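Make the complex out of the two chains shown on their own, each in a separate frame, by following the hints.
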Amino acid sequence: MSRDSILSKIRSALADVETKAEHPGFEDAAVVSRVRLGDGSPIAAFTRNFEAVHGRVMRHADPLVALLKEQGRTFGYCDPELMNPLGHALTAAGCTVETRYDRTRYDDYEFGITRATAAIAETGSLVLDDARTSDRLAALSPWIHVAVLREEEVHATLPEAIAGLGNSRNIIWVTGPSKTADVEGILIEGVHGPGEQIAFFLD
Amino acid sequence: MVNRQPIDAYAHDIDEEKQSSVSGGSAASTDKRYSALFSDYEDPNALRRLASRIKDHTLHHLDDYLEQAESSLKRNGCHVHFADTDDDARDAVLSILREREITRLTKSKSMASEEIHLNDHLIKNDIEVLESDLGEFIIQLDGDVPSHIVRPIIHKNRREIARTFQREGIADDYNDDPEAITRRARVHLREKYMEAEAVITGGNFISAESGRVVLVTNEGNSRFGMAPSRVHIALVGIEKLVPTDRDLAVFLNLLGRSATGQQLTVYTEFISGPKDDSQPSGPEEMHVVLMNNGRTDVLASNCREILRCIRCSACQNVCPVYRQASGHAYRSPYGGPVGAVLSPILFGDRFPELADLPKASSLCGACNEVCPVDIPLPDLLLRLRDKAKREHIPQPGDLPMAPFATLATSPAIWRTAMTMSKAMNHLPIEMAPVRPLQDWLGQRTLPEWRGGDFRKWLKKRQSD
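Chain order of the listed sequences is A and B.
According to my numbering, the first sequence holds residues 10 to 212 in order.
According to my numbering, the second sequence holds residues 1491 to 1954 in order.
I should point out that these hints are in silico values taken from the structure, not numbers from a laboratory.
Everything numeric in this text was worked out from a predicted model, so none of it was measured.
Built from N, CA and C at the ideal position, the CB exists for glycine as well.
Worth double-checking, as some hints may not be accurate.
Selected chain B positions facing chain A (in silico; Cβ < 8 angstroms) [said to hold, decoys possible]: (1) I1671; (2) N1708; (3) P1718; (4) V1756; (5) K1765; (6) Q1769.
Reference listing, derived: stretches of chain A covered by chain B, where coverage requires no fewer than 3 residues with Cβ under 8 angstroms from a Cβ of chain B [claimed, not checked]: (7) 20-29; (8) 108-116; (9) 128-142; (10) 163-171; (11) 177-186; (12) 193-202.
For reference, chain B alone in the conformation it holds in the complex (with noise of 0.2 angstroms):
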């Protein structure tokens, strides 16, 4: 057996079925973003680099906009809270509903809460959560966790989501048409809506100048949730801020576009308070919980520029690395280029057993090319991978190099193992003279080799 990083692993395991849904959806993906950029903008780069100095000036000045922001969710008569870790966030949510004697809420998708394990915390407390975009309920109900930014079940196919349905009384027989799926959802859907005292969602960004909390769904659930419950709770990440309203222009044009290729996603809500007194529908209380939880690390690294991240997936879907793995052989909420190298420093205590991910990649770029706020992902790969070095984690498959050094410094050694690996060719990998070589091997495909050819040519050159 060949000892494989972890997310070599999860590649090498995976289920066929589930790899081509995976590689198809993302590359669906991929096209719709490129159709939308390119023909709506002359040049789409422009906007993508004028979206990254927005947010570079914002996180370093993200102490005071956070302060600006505070101020305006107060005016706007929404309560702020502040939680420095995971801890804290749990805490502070569940408390906001402990003091509220809420015991029924549904949720919108958050990747904030998955980072947290906020359903987990809240139902161990005898409070009923109930996750209310399609994807989220899905795997709510199989116990799953998401595999994707944006679409949490594109690892999964119809005929395992009617069996779920079934399986968890949703319908009473099976039925794998997507319509069908969507349709048992929204009667079971809507009635809990209505029966919810609190719904929790995230926030895709903040106006530090007005303290508009936006949100972007496409389904429309969160809206739906909204309206009958009489407490909003928005977990929102602190690098969530934008300076004012006015730059929003730029995010919103961006997020849809390079997440499913929409000019802008369906519902498009900017919320800076509870209800109006005279609305008969909506929440009578607004909270933020402003969320840190290593953010601030980050912040400290020199991978800051992954701060930028508005969530949209687009490296996710154009990665080779990611439509080969799936979303779930990156251990954390956030999958893909974003992922390998958000989570080994986000979850910073997790840096060694995460730190594969930043050497499952080919550097090719495409991640940066497609990135909406410009991060240069490949680079920041590579800090990650010269961190893992100094720290020295092992990782299987990492070549000692005193071996290496020996060979490379003596000509005639070096000629004779050049000719003699030839012999590499035709032997499995576990006759590898030593294990740290088969682990190598066994990560790879080599081309056939042609070691002490290229001397023959030479010598064979200058003698002509």
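Only chain A is shown next, with the shape it has when bound in the complex (with noise of 0.2 angstroms):
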């Protein structure tokens, strides 16, 4: 019903129209911001507009430690397949690291480690997608996340990200921490998702 309707009262609004605009069409060039993108590697790149967000870099496990002793976040979730890597050195350094994220206790975790499937230099954004991310609850609930990828994965533009988005059924571009400015225009970090934002580069 409302189908037809919906379809007929566009036709009969646009009869008047005697030519139909077409697509203009573009370059990638044209929509690509050259400064953001800078002269130096789209790794440089993506780690400038990341930190310019508040997100943090990291390839080491002993920063990471050292954030979560200093912040007093040590029990977290981690991704079994990133165990090797990344959860092993932190449950050594003494934190306490689960594989198996409980919904129930969602509100428990203080970290997550998941997988990011790429990044984009240009705008500083992590690429998380569903089908390769083991719960995506852990990627959102805990103050910390780490999204975990290597340098090759990192796209160097916004319309190459578009591009690669491929045929998973969710995807999620996170660029930085969840933050709001609803409170007067003050700018707060951590609002329904991570306050902390982190790419973890491995190897």
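This is the structure:
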């Protein structure tokens, strides 16, 4: 009912349009910010842009352990497949790491370690593909989220990241920690999602 | 008492504290927008023009793209519902919930849902609806309505919010620190997310090619609402389509920068169906309600360019009228210049009541300059003024033209009137000779009347 009625209303609304606008088409370069990309490597641009939105970039377990201890957040979840490079190192350093995300304890996890599938240098964003994230709640409910990826997975530009979306039914780009400025325009981080967003590059 | 047009009455009566929240907040957003766009791009105007052409192309082929979007969404495993009217949209949402015996849900910010007063309808039908965007959550607690497209509580200050939290039992004590307010909402809302059976969201874009629904938030509330829910309902206006995924690059780059001066909003989610079977979290069912609710009337009007709008609120932030009057003065979910054009046509049966909105503008053009899809807002305001005139919609302060015609066609009477009008400089408005003139004067601050001086000057110049 509604379907046919909407379509017929659209057609009659457009009846007076003599020349329908063509799609203008565009080159990727038209939408890419050269300034954001800079002259250095995509990794350098990613680091600069991600840090500008208060994300942290790490490459070793030590600074992560130091951060967790400093904040007193030593109980968390780790994707079982990431125990080997990262989870075991945290356990060895005295953190408690679980490899099964128990939904009933969503508020207990202080950090969550999951896989990112890519990143975007131009915008400083992490790409989380749901099909490759062990549990999307683990990337969301803890105060600290550690997204693990490899340097070669970084896309240079936003149009490249769009071209690489693939067939997954759910993909999210994360550009820094969760934030709001609803109260008097004052920036507060960690609204519903993580207050600390970390990109962790594997060797 | 002067009879004012409704928007003028709001601007006149606005509380000083509220006006300064609105004015300061929107000016800050305008500055951030400018620095984000102009430091990142050599020619941001080229990007705006590109976006406007893609939107025009989409609107001119909306029937084709709507059919394409429908089949893409279905291919992805989504249920597609069409809703021609506001009733249809409310019914569609309610019956999805009823059929699944769902009584508890969270909702992330959606202007489309504000249009159709969805919350009221669901609550009346015994469904517990909780707004999860911090600003919308506070609006709901206060029984208020949002006053800004992107920042719903721009008209409130921290003290007011802290009092609300105490009154509503969100917190035991009064604390107006914005960080404390945010933490308290975090604790309260995450419990609700976990209990909810469904989530309702809007949608910023739908790619017709892939059927991806794109949703942007800064807080992560839609993501959190979706993770534990079994049903996701996205309520989306039919004008939100873009042809392909690739086009999204243009709009995503413009939306965050225009709205909040961010290169990208924190969470940009591409959803093209229910969760993968292998995943523990995420909705098992996804429903997309494609809503018309007057959009085809706008498409048929001579203001169809307004359908290019991506709801960034840049025009609202920059508008001197909005900054003075605040969003509630626009009496619809859409404030500022976009509201002044969109609301009178989108809610067509309310046209006479909303016809003051297009008149409340100096046509300064700032709205057009900041619009990411280059909508010629001042032109559209003029077209709507013309429509109001043609439809003979009377408004306070309309001056009868017949007496003016008599004055203007008789040089002797004109001269006398011009000279005598000098007396008006010192007369209170109430002493103006006719009521419409009183109303007209009540809505303006005129410079000191110097009637007749030009003639004297010219005469003197000629005799010299």
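Hinted contact B:I1671 with chain A - closest CB pair below 8 angstroms:
6 angstroms, holds
Can you take a look at whether the region 128-142 of chain A is actually covered by chain B? Rule is 3+ residues, C-beta closer than 8 angstroms.
holds (count 6)
Can the region 20-29 of chain A be counted as covered by chain B under the rule of three residues or more with Cβ-Cβ separation shorter than 8 angstroms?
holds (count 6)
Answer holds if the nearest beta-carbon of chain A is closer than 8 angstroms to that of B:Q1769; otherwise answer violated.
Constraint on B:Q1769 satisfied, holds at 6 angstroms.
B:N1708 was flagged as interface toward chain A. Is the shortest Cβ-Cβ separation under 8 angstroms?
B:N1708 check passes; min Cβ-Cβ to chain A is 5 angstroms, inside 8 angstroms.
Interface restraint verdict for B:V1756 against chain A (beta-carbon cut-off 8 angstroms):
At 5 angstroms from the nearest chain A Cβ, B:V1756 passes the 8 angstroms test, so the hint holds.
Per-residue hint verdict: B:K1765, partner chain A, C-beta under 8 angstroms:
With a minimum Cβ separation of about 7 angstroms from chain A (threshold 8 angstroms), the hint on B:K1765 holds.
Examine the region 163-171 of chain A for residues whose CB is less than 8 angstroms from any CB of chain B, and state whether their number is three or more.
Coverage by chain B holds for the region 163-171 of chain A (3 residues, Cβ < 8 angstroms).
Has the region 193-202 of chain A got at least three residues whose CB is nearer than 8 angstroms to a CB belonging to chain B?
Three-residue rule met by the region 193-202 of chain A, so holds; n is 8.
How does the region 177-186 of chain A fare against chain B when you require at least three residues with a CB closer than 8 angstroms, holds or violated?
holds (count 10)
Verdict on chain B covering the region 108-116 of chain A, where coverage means 3 or more residues with a C-beta closer than 8 angstroms:
holds (count 4)
Go through the hint on B:P1718 and say holds or violated, using the shortest Cβ distance to chain A against 8 angstroms.
For B:P1718, the interface hint holds, since the closest Cβ of chain A sits about 7 angstroms away, which is under 8 angstroms.
In terms of the numbered hints stated before, the structure departs from none.
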